[in-house]
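Number of protein chains: 2
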Amino acid sequence: MVKPQPKTATIECRHAGSISCVKPLHQQLTRFLAQADALCLQRKQRFTALRKQVLSLICQSPQPLGAYALLDLMKESGRSAAPPTVYRALDFLQQQGFVHRLASNNTYLACAHPQQQHEAVFLVCKQCGFTQELHTDGIYKAVGARAEKAGFKLEHASVEVSGLCAGCQQKTGVSQ
Amino acid sequence: MVKPQPKTATIECRHAGSISCVKPLHQQLTRFLAQADALCLQRKQRFTALRKQVLSLICQSPQPLGAYALLDLMKESGRSAAPPTVYRALDFLQQQGFVHRLASNNTYLACAHPQQQHEAVFLVCKQCGFTQELHTDGIYKAVGARAEKAGFKLEHASVEVSGLCAGCQQKTGVSQ
DNA sequence: TAATGTAATGTTATAATGTAACATTATTTG
DNA sequence: CAAATAATGTTACATTATAACATTACATTA
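Here the protein sequences come in this chain order: R and F.
Last residue of the first sequence: 697 (this note's numbering), numbering continuous.
Last residue of the second sequence: 697 (this note's numbering), numbering continuous.
Any given hint might turn out to be false.
Which copy is meant is left open, so a pair is good if it fits within one copy or across any two.
For lysine to aspartate or glutamate, the following EDC-like pairs were computed, each having C-alpha atoms within a straight-line distance of at most 16 Å [claimed, not checked]:
#, residue 1, residue 2
1, Lys-647, Glu-676
2, Lys-670, Glu-654
3, Lys-662, Glu-676
4, Lys-674, Glu-654
5, Lys-573, Asp-558
6, Lys-670, Asp-658
7, Lys-573, Asp-612
Honestly, the hints are just simulated from the structure, not real lab data.
Please model the complete structure; the sequences and the hints are all you need to start from.
What follows is the structure in structure tokens.
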């Protein structure tokens, strides 16, 4: 996938912490890494160079990255790496809530709100790959209520939406 | 508890067609296949022996099946098959809306309501693999509204919930 | 600080999932 | 029937992910 350059997210919200969801994450890289560092310290987890590099690469990418794309980037930057290395780092980063995995296309992206537990909705543009993370209580409440009604104990819910982002609609939608 | 439905003893929900969402699909196999057959005829699509076998196997499984599990079942039943064969059949069945694919665990399951276009919510038990397909307008309306607000043109939404089904909660949850 | 235990990473090999490309067979249509 | 199209067979390979074990880094404490 992926050719045209993505637009940036334009979602307004007010979360704790120093990361803004309005500004693209790669423009706040230092801040994002510092926050991860602080959270690890607080949680007595080790934010090693490897983990930091992986998070940094994901953070700098305009689109979510696959594990092997990540591996290639690591090699380019001089660090030899094999699949288990990157998968382990990804596991850690997911556990800490710093990245999410998109099951619909096997990619990973930085989480805009690593401070708190949350569930998110992802809007994945099938044209350019740009992915927005939305936080919406309403949807998860509805899912939770529906699950409970079915006697099901919800542990994790994943909502992934495929379609066209605003930018790509303009580019491809005019002819129709 | 299921509300008593008006008329036709075998149909216990309000959907068009002859398939009940209350009764397990494998207990209505013949009917399910007949319906798929009828829909294909109507749509001028070919419901070949291969496609029928794949749908039948999926339908008979209590849990969603992976493509390679399906392949094994086909081999057991005497038909030699290679991956592209089963993937092509799955593609067709998905296009016709007879099966869904679960991205969260790369499996396929029969659709309880192949008659109409719909979006579904899947409750996947991480213990036993049993998966329920729910239809809930509310959730999809909420997702759609949220996407629209973000200027995103929704084409497909996938909602997959992981947790414990009622049965497995009893088995594993007693100590708590 | 040396000894020890644990966590993290390196390394090799392989499993699991999915597709490209082209050959062959079956079905439909002129 | 011939020709076109659709479906399936077949080979090879791409992509995604993990198992198993070796090594290194870090932390603890005697």
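Evaluated hints:
1. Taking the closest pair of Cα atoms, Lys-647 and Glu-676 come within 16 Å of each other only across two copies (9 Å); inside a single copy the shortest separation is 28 Å, beyond that limit.
2. In this homomeric assembly, Lys-670 and Glu-654 come within 16 Å of each other (Cα to Cα) only across copies, at 13 Å, whereas the closest approach inside a single copy is 27 Å.
3. When the C-alpha separation of Lys-662 and Glu-676 is checked against a cutoff of 16 Å, the pair qualifies only within one copy, where the shortest distance is 13 Å, while the shortest distance between copies is 23 Å.
4. Taking identical chains as interchangeable, the C-alpha atoms of Lys-674 and Glu-654 lie at most 16 Å apart only when they sit on different chains, with a minimum of 15 Å there against 24 Å within one chain.
5. For a Cα distance limit of 16 Å, the shortest separation of Lys-573 from Asp-558 inside one copy, 9 Å, qualifies, whereas the shortest one across copies, 54 Å, does not.
6. Taking the shortest Cα distances, Lys-670 and Asp-658 sit within 16 Å of each other only across copies (15 Å), while inside one copy they are farther apart (18 Å).
7. For the identical chains of this complex, Lys-573 and Asp-612 are intra-copy neighbours only, at 13 Å inside a copy versus 40 Å across copies, given an alpha-carbon limit of 16 Å.
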